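Position one of the sequence shown corresponds to residue -14 (this note's numbering), numbered consecutively onward.
No wet-lab data here; the hints were simulated from the structure.
As the structure is a prediction and not an experimental result, all values here were calculated from the model.
Backbone N, C-alpha and C define an ideal beta-carbon position, used for all residues, glycine too.
Wrong hints could be hidden among the right ones.
Below 25 Å or equal to it, Euclidean Cα-Cα: the simulated SDA-like pairs (lysine to any residue) are [stated by the list, open to error]:
{"no.": "1", "residue 1": "Lys108", "residue 2": "Gln217"}
{"no.": "2", "residue 1": "Lys110", "residue 2": "Pro147"}
{"no.": "3", "residue 1": "Lys205", "residue 2": "Lys110"}
Label-pair restraints from in silico Cβ distances [stated by the list, open to error]:
{"no.": "4", "residue 1": "His163", "residue 2": "Thr3", "range": "37 to 43 Å"}
{"no.": "5", "residue 1": "His163", "residue 2": "Lys(-4)", "range": "34 to 40 Å"}
{"no.": "6", "residue 1": "Arg124", "residue 2": "Ser12", "range": "41 to 47 Å"}
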Amino acid sequence: MQDNHPIIKVKNLSYKYTKDKVLEDVSFEVPRGAFLAIVGPNGSGKSTLLKLILGLLRTQEGTIKLFDENIRLFKEWQQIGFVSQKANSFNSGFPATVFEVVQSGLTKKLGLFKFPKKADKQKVKKALEAVDMLSFQHRNIGELSGGQQQRVFIARSLVSEPQLLILDEPTVGVDSKHVHQFYEMLEMLNKQLGITLILVTHDVGTVTDKVTHVACLNKKLHFHGDAYEYNQLNEEELSSFYGHDVKLLSHNH
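All chains, please: the whole structure from these sequences, using the hints.
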């Protein structure tokens, strides 16, 4: 039976670190199976919003529901995978193989000192296969390019079989010529594996043909709708969201 409840429901969310609000009265829903891009200028509250959704910050005003449950009562965190900008700051001398890095994503499920079973090893291989990195399983993580490392970190998040995957600027440190392939892989995870994706990105022109929804955040939520509606916005409307001039780029695929 298809669950029609939104996977995330944010209502009247505001947050401040000092006296000034970094998020103000933000409300939106993420349907199950969506691929949402969150865009906005630096300092617009994108990272704060992610931290609130991931339970790393406690809500002050407004509510967040995950899988139809208030975030303060939510316990099923293995349902949510998170990939940060790790490739840009990863210690290339770290002595672990690709297989071991992905397998470490099962630590919470297995417990710290339990050995993985055959079924767990199959999960690791399946996750590596999903990001097209199975042939690299015995390579040291430090030998890989930034883009390959990010694929491995996504596999590490996928190994616990989450329903929702959140990615924070995942193409930082990825060679520009591989960025398009990277987004094609995310589209495949969304369409073929049915994983709901939230992507914080500056590359919105590159991903509008891959994502299903776009949210423009600049303290307030200035736009939230499907990718087609976003593509109909003109430069003046986009500039009003961003607080400065925005030039629309034409991307031919």
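Practice task
Measure nothing beyond the straight line between the CA atoms of Lys108 and Gln217; if it is 25 Å or shorter, mark the hint as holding.
Solution key: violated, 41 Å
Practice task
Return holds or violated for the Cβ distance of His163 and Lys(-4) against the range 34 to 40 Å.
Solution key: Since the Cβ atoms of His163 and Lys(-4) sit about 38 Å apart, the hinted range of 34 to 40 Å holds.
Handout entry: Satisfaction of hint between Lys110 and Lys205, Cα-Cα up to 25 Å
Key = Violated. Lys205 to Lys110 sits at ~41 Å, over the 25 Å cutoff.
Handout entry: Cβ distance range 41 to 47 Å for Arg124 and Ser12, holds or violated
Key = holds, 45 Å
Handout entry: Given hint Pro147 paired with Lys110 - CA-CA distance at most 25 Å
Key = Answer holds: Lys110 to Pro147 is near 16 Å, not above 25 Å.
Problem - Outcome of range test on Cβ distance (His163, Thr3; 37 to 43 Å) - result: The hint (37 to 43 Å, Cβ to Cβ) holds, given that His163 and Thr3 are roughly 40 Å apart.
In this structure, the hints that do not hold are numbers 1, 3, in rising order.
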